[in-house]
Amino acid sequence: MLQVKNISFSVPEKQILHDISFSMDQGKFIGIIGPNGSGKSTMLKIIYRYLKQSSGQVMLYENDMEQMTRKKIAQEMAVVSQETPVLFDFTVKDLVMMGRTPYKQWLAQDSKEDFAIVEESMKLADVLYLKDRTLGQLSGGEKKRVMLARALAQQANILILDEPTNHLDIEHQLQLMDLVKELPITIIAALHDLNLAASYCDELLLMDEGNLHMKGTPEQVLTEETIKQVFHVQAGISKNPFTQKLHLFFYAENVGRSEDK
Amino acid sequence: MTRLRFTLLIGALLAGLLVSMTFAVMVGSVGITPSIIWEVLFSKIGLPVEATASKAQNIIIWEIRLPRIILAAIVGAALAISGAAIQALVRNPIADPYILGVSSGASVGATMVILLGAFSFLGTYALSFAAFLGAILAVVIVFLLARVNGRTSVIRLLLAGIAISMVFSAITNFMLVTSKQQGGIQAVMHWMLGSLAGAKWSTIGIPFFTFLLVFLLLLLNYRQLNALLLGEELATTLGINLDRFRIFIILVVSLLTGVVVASSGSIGFVGLIIPHLVRMIVGSNYKFVLPISALMGAVFLVWADMVARMAIAPEEMPIGIITAVCGGPFFIWMLRRRRYSFGDGE
Chain A
2 MLQVKNISFS VPEKQILHDI SFSMDQGKFI GIIGPNGSGK STMLKIIYRY
52 LKQSSGQVML YENDMEQMTR KKIAQEMAVV SQETPVLFDF TVKDLVMMGR
102 TPYKQWLAQD SKEDFAIVEE SMKLADVLYL KDRTLGQLSG GEKKRVMLAR
152 ALAQQANILI LDEPTNHLDI EHQLQLMDLV KELPITIIAA LHDLNLAASY
202 CDELLLMDEG NLHMKGTPEQ VLTEETIKQV FHVQAGISKN PFTQKLHLFF
252 YAENVGRSED K
Chain B
95 MTRLRFTLLI GALLAGLLVS MTFAVMVGSV GITPSIIWEV LFSKIGLPVE
145 ATASKAQNII IWEIRLPRII LAAIVGAALA ISGAAIQALV RNPIADPYIL
195 GVSSGASVGA TMVILLGAFS FLGTYALSFA AFLGAILAVV IVFLLARVNG
245 RTSVIRLLLA GIAISMVFSA ITNFMLVTSK QQGGIQAVMH WMLGSLAGAK
295 WSTIGIPFFT FLLVFLLLLL NYRQLNALLL GEELATTLGI NLDRFRIFII
345 LVVSLLTGVV VASSGSIGFV GLIIPHLVRM IVGSNYKFVL PISALMGAVF
395 LVWADMVARM AIAPEEMPIG IITAVCGGPF FIWMLRRRRY SFGDGE
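Listed in order, the protein sequences are those of chains A and B.
Residue 2 is where the first sequence starts when you use this note's numbering, and the numbers rise one by one after that.
Residue 95 is where the second sequence starts when you use this note's numbering, and the numbers rise one by one after that.
Worth flagging that the hints you see were computed from the coordinates, not collected in a lab.
In silico contact screen, one side only, chain A against chain B (beta carbon under 7 Å); selected entries:
1. D90
2. D95
3. K105
List of simulated lysine-lysine pairs, DSS-like, C-alpha gap at most 30 Å:
4. B/K381 - A/K113
5. B/K381 - A/K124
6. A/K72 - B/K381
7. A/K132 - B/K381
8. A/K105 - B/K381
9. A/K216 - A/K73
10. A/K182 - A/K94
11. A/K73 - B/K381
Restraint-style ranges between C-beta atoms, simulated for each label pair:
12. A/V234 - B/L98: 58 to 66 Å
13. A/H214 - B/N335: 33 to 41 Å
14. A/Y62 - B/R241: 29 to 37 Å
15. A/I171 - B/P187: 32 to 40 Å
Built from N, CA and C at the ideal position, the CB exists for glycine as well.
Put together the whole structure using the sequences plus the hints.
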């Protein structure tokens, strides 16, 4: 459904992305992993058209996204970005209602249907009990979940998450990932935590210095060899006995050496 | 903010505006009772009422005080919603409607008319016309300076606004210091601090309809204004064409503030404090912020104008002094309150 074709992106004096191409299928959970500064966020921002690529194309259902209106894109794609804004005071339910913006014509009122969708989204993201609080009163993790509820209210076919588990405690990390995984839509998430990526994603894109280093299932991508190559750490790879998913252990390169002595 | 609370608040403010305006008509060198005011009003719109008002009272109410008070309400409402919209546009709580250079541009135009006699062929409209022209010219320059690669940058908008304001103020000051006309200099000072004294029925039509138009346009776009407050990236992902929407806001707000400044000079502080006060009461949702701001701005300026007329009667105080004297301390009080965040979310 989504195809990225030969995307490059540069800012003056620096090329951030080098000729990246991949495609993704409907309903999959795709993880983008890679070290800091490898271009994960930039890649996502180009996909949701906040940044404009220097060359290349992003195609959505065979349409060039540059030809689509912002409104249409917002109906197809919802985004939870890294920044959680706290400017000015909105109540949680007002903020989640903003997810309905792409569907609103001039003069349109918030309909019963909108309120139902907003309520359902708040329930899903576990923020219903916060609905009358203002954003300024919430913790970082609560804000993140409110932003997720807002994105859910957009009822898009693609949900893009840029490091969604930042600021979340372990319970809410797993809760959020479970919730997202259950959604019948395509998920694209930039993730830092390789173990989360391994247990939830159907497919991983490993980025390194602005290049797409590798694409494949977690088992194909997360090997001792690639992790050493890209992240410069040693990894031990086993299985989580409870979930049967990959589980990785990391240690710095010199640790093994000092033990050898 | 529930619908009920909102309706109640609107009702209370409307009643408050009506009472304030009636009271403002009563106050002045010639005392007038409320019943006479309503009597004159009703007889003017053709209702059969007992005529007890004298001819002089009729003229004072209908020709002098009423247009002025209505203009005060319009100007207050217009500045308040312009301030609210500009604060959303630049996402900066210290922004006011003049931040894009409107008032300094208008000052140049007005000063040219008063001191140099420019546009004298326009007669009594010369001042308003020149002020409006100056205001729009300043905004256009600021806007062009803020465009980079076909996008409008907010920080450049703010900085260009400051730079252009400086240049235009310098031009005004140059004209002032090189002028030999004491009366003219005083007139310019008065104009710059704002005054509603010139209000006539024939001159309040344009401000009124411009206000109505811009208010409706902004209210129709309240969702976009809300999204703008969340930041550029979020607004974009909610389907808003950021650049187009910014140009739209700059256009309508400059039009409205240009018209308002042309009719009454650059009255300060209203456009800055009223939106903050309103957000403190109703939160940041522009669906509520816009109408409540309009009403509060109207009430505030009706009172400010009343004080301006009364404070050093029979002389008139420039209204800008009143708004600053009342607005400053109030702003400081708000600043010290811990509950209101001024948008920095602490």
